[in-house]
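As a plain string of letters, each chain reads:
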Amino acid sequence: MISVGIDVGAKNINIVVLKDTELLGKGAAPSGFEAKDNADKLLNEILEECKISREDINLITATGSGRKDIDFANKKVTDVTAVTKGAISINPNIRTIIDVGAEEGRGIRLDENGKVIDFAVNEKCAAGSGAFVESMSRALEIPITEFGPLSLESDAEIPMNAQCAVFAESEVVSLVHSSTEKKDIAKAITDAIAARISSMIRKVGFESEIAVVGGVAYNVGFIRSIQDHLDREVLIPESPEYISAFGAALMSEN
Amino acid sequence: MAKEYWRWKEYNWQDENIDWREAETISAGVDVGSVSSQAVIMADGELFAYASMRTGSNSPKSAENVMKWCMEDTGLTIDDLHFTVGTGYGRVNVPFADKAITEIACHARGAHKMYGKTIRTLLDMGGQDCKAISVDEKGKVTNFLMNDKCAAGTGRGMEVFADLLSLPIEEIGELSFQVEEEPDPVSSTCVIFAKSEATGLLRDGWPKNKVLAAYSSAMAHRVVSLLQRIDIQEDFAITGGIAKNSGVVKRIEKELGLSALTTKYDSQIAGALGAALFGKVLCEKKRKKAAAV
Numbered sequence: 001m002i003s004v005g006i007d008v009g010a011k012n013i014n015i016v017v018l019k020d021t022e023l024l025g026k027g028a029a030p031s032g033f034e035a036k037d038n039a040d041k042l043l044n045e046i047l048e049e050c051k052i053s054r055e056d057i058n059l060i061t062a063t064g065s066g067r068k069d070i071d072f073a074n075k076k077v078t079d080v081t082a083v084t085k086g087a088i089s090i091n092p093n094i095r096t097i098i099d100v101g102a103e104e105g106r107g108i109r110l111d112e113n114g115k116v117i118d119f120a121v122n123e124k125c126a127a128g129s130g131a132f133v134e135s136m137s138r139a140l141e142i143p144i145t146e147f148g149p150l151s152l153e154s155d156a157e158i159p160m161n162a163q164c165a166v167f168a169e170s171e172v173v174s175l176v177h178s179s180t181e182k183k184d185i186a187k188a189i190t191d192a193i194a195a196r197i198s199s200m201i202r203k204v205g206f207e208s209e210i211a212v213v214g215g216v217a218y219n220v221g222f223i224r225s226i227q228d229h230l231d232r233e234v235l236i237p238e239s240p241e242y243i244s245a246f247g248a249a250l251m252s253e254n
Numbered sequence: 001m002a003k004e005y006w007r008w009k010e011y012n013w014q015d016e017n018i019d020w021r022e023a024e025t026i027s028a029g030v031d032v033g034s035v036s037s038q039a040v041i042m043a044d045g046e047l048f049a050y051a052s053m054r055t056g057s058n059s060p061k062s063a064e065n066v067m068k069w070c071m072e073d074t075g076l077t078i079d080d081l082h083f084t085v086g087t088g089y090g091r092v093n094v095p096f097a098d099k100a101i102t103e104i105a106c107h108a109r110g111a112h113k114m115y116g117k118t119i120r121t122l123l124d125m126g127g128q129d130c131k132a133i134s135v136d137e138k139g140k141v142t143n144f145l146m147n148d149k150c151a152a153g154t155g156r157g158m159e160v161f162a163d164l165l166s167l168p169i170e171e172i173g174e175l176s177f178q179v180e181e182e183p184d185p186v187s188s189t190c191v192i193f194a195k196s197e198a199t200g201l202l203r204d205g206w207p208k209n210k211v212l213a214a215y216s217s218a219m220a221h222r223v224v225s226l227l228q229r230i231d232i233q234e235d236f237a238i239t240g241g242i243a244k245n246s247g248v249v250k251r252i253e254k255e256l257g258l259s260a261l262t263t264k265y266d267s268q269i270a271g272a273l274g275a276a277l278f279g280k281v282l283c284e285k286k287r288k289k290a291a292a293v
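The listed protein sequences derive, respectively, from chains A and B.
The first sequence begins at 1 in my numbering and counts up by one.
The second sequence begins at 1 in my numbering and counts up by one.
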């Protein structure tokens, strides 16, 4: 059985193609303004690489904030359902999921059967989402991929007063003007976003194993800060930004 | 360098009919805000001069610069000022001030002078915060609510939009009414998310003015909720930079079903004016005390 999971996020579309539970292919593209067309195009590219035709697909499941646009999907599931399915399929011992995407942050608490007990979402405010790190890397004039590694070079504890991404940008500019080193500012920023996310996680409670998924999981500075804030080790699955799409593709199991 | 659409004009003004040399008390107020700084000089309680400038990264320097500009061509020097009060978020960093007073108290005092004794509710829309203040008949603060955590509903949020749309910030109020029909407000509260939403609307073919209208009404809605929480009274006024943006002001008035009070004074000097008024009283007290000794 061939199944497809499509995760349409605020920034990117991630697609996973499975044969039963075995990974055949995956790919990502910007969501853009025509998410449906972009998802359609991306799916065709992935299928071509795996040498599968569209007719071979048994089920397409869409998830993510833009899932309603994907009218060619057979099924639609919420972000929480998809990411939970994906995470516990990789590691059944996961009890807490921290999912930080481009414009959303999510904390999910699971019981020992992998059932969702509680969850909290922030989709109203850019502080505590990937957009925060993006706007800060613009203010610091460093590529987003270098942000995490640079922050790891610092042990400084400079508190960021601003919670708002717009105000934080002005604060970063002031720090740059006062000759604070970029690595110290980068550390202050990863601490700030980790503080926001960890307060959201505390609302739902957390228990090990804790998995961090979504694009922000690639930010090693954020991972260090969140581990410090929660005083726990966290797991980062391979390709953390694909966990929701993977979970959506697995929906055909039910 | 790219044109900076957010950049508003800095300005100064003086009353040529007043000779400060004849005044008994020259009091001054400096309001060092997060985005702009204002200075006011009063001669015996009458407004003599004022100036408004952008706050730099160095707050003592910003206070000095704006006061210098306020005194330009007046013949005044810092030493001629009998009493100076600092206010605003940088108030403790005004090197030449005799005293610091919170901006809430100063805004209430200033607005009381600017809009008259009937004023009961004041909305101060600043660069990085927004305050709703309840005032009594003497201009004293009885209650206040403040948002200084989030850029939504602040001048900084409007600057972000001026830049995004490449429209001069001083014109966007009027431009926001040049639409065929009033659109729904943008749905995101967060300025960063509203910016992505606006980019999407532009991509869908919305004219810039329509996007501006959608953002201005979202901003109005945001501050109206603050005003409702403080139990707004009929005699209300809006101060701060956004008070000059008719696109936001008229939409606030419409949503409330009330008209804001108007004034001959510049809406941005309320804090500094209040500080200078406090300065006059404090100066007279000081003199009385000295005379009694």
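Everything labelled a hint here was simulated from the structure, so no lab data went into it.
Heads up, a few of these hints could be off.
To be verified - Which chain A residues face chain B? A few, computed with CB under 10 Å, are given here: (1) Ser-89; (2) Ser-137; (3) Cys-164; (4) Glu-181.
Claimed, not checked - No farther apart than 20 Å at their CA atoms in a straight line, the calculated lysine to aspartate or glutamate pairs in the EDC-like style are these: (5) A:Lys-68 x B:Glu-284; (6) B:Lys-113 x B:Glu-284; (7) A:Lys-36 x B:Glu-197.
Positions of the beta carbon are idealized from the N, C-alpha and C atoms, including for glycine.
Results for each hint:
Because the beta carbon of Ser-89 (chain A) sits about 31 Å from the nearest beta carbon in chain B, more than 10 Å, this interface hint is broken. Hint status for Ser-137 (chain A): violated, given a least beta-carbon distance of 13 Å to chain B, over 10 Å. Because the closest C-beta pair between Cys-164 (chain A) and chain B is about 5 Å apart, less than 10 Å, the hint holds. Interface restraint check: Glu-181 (chain A) against chain B, minimum CB-CB distance 17 Å, threshold 10 Å, status violated.
Of the pairs offered as hints, the one joining Lys-68 (chain A) and Glu-284 (chain B) is violated, with about 69 Å between alpha carbons and a cut-off of 20 Å exceeded. A C-alpha spacing of about 19 Å is found between Lys-113 (chain B) and Glu-284 (chain B), which places the hinted pair at or below 20 Å, so the restraint holds. Straight-line distance between C-alpha atoms of Lys-36 (chain A) and Glu-197 (chain B) comes to about 17 Å, which keeps the hinted pair within the 20 Å bound.
Consistency note: the structure conflicts with the earlier hints numbered 1, 2, 4 and 5.
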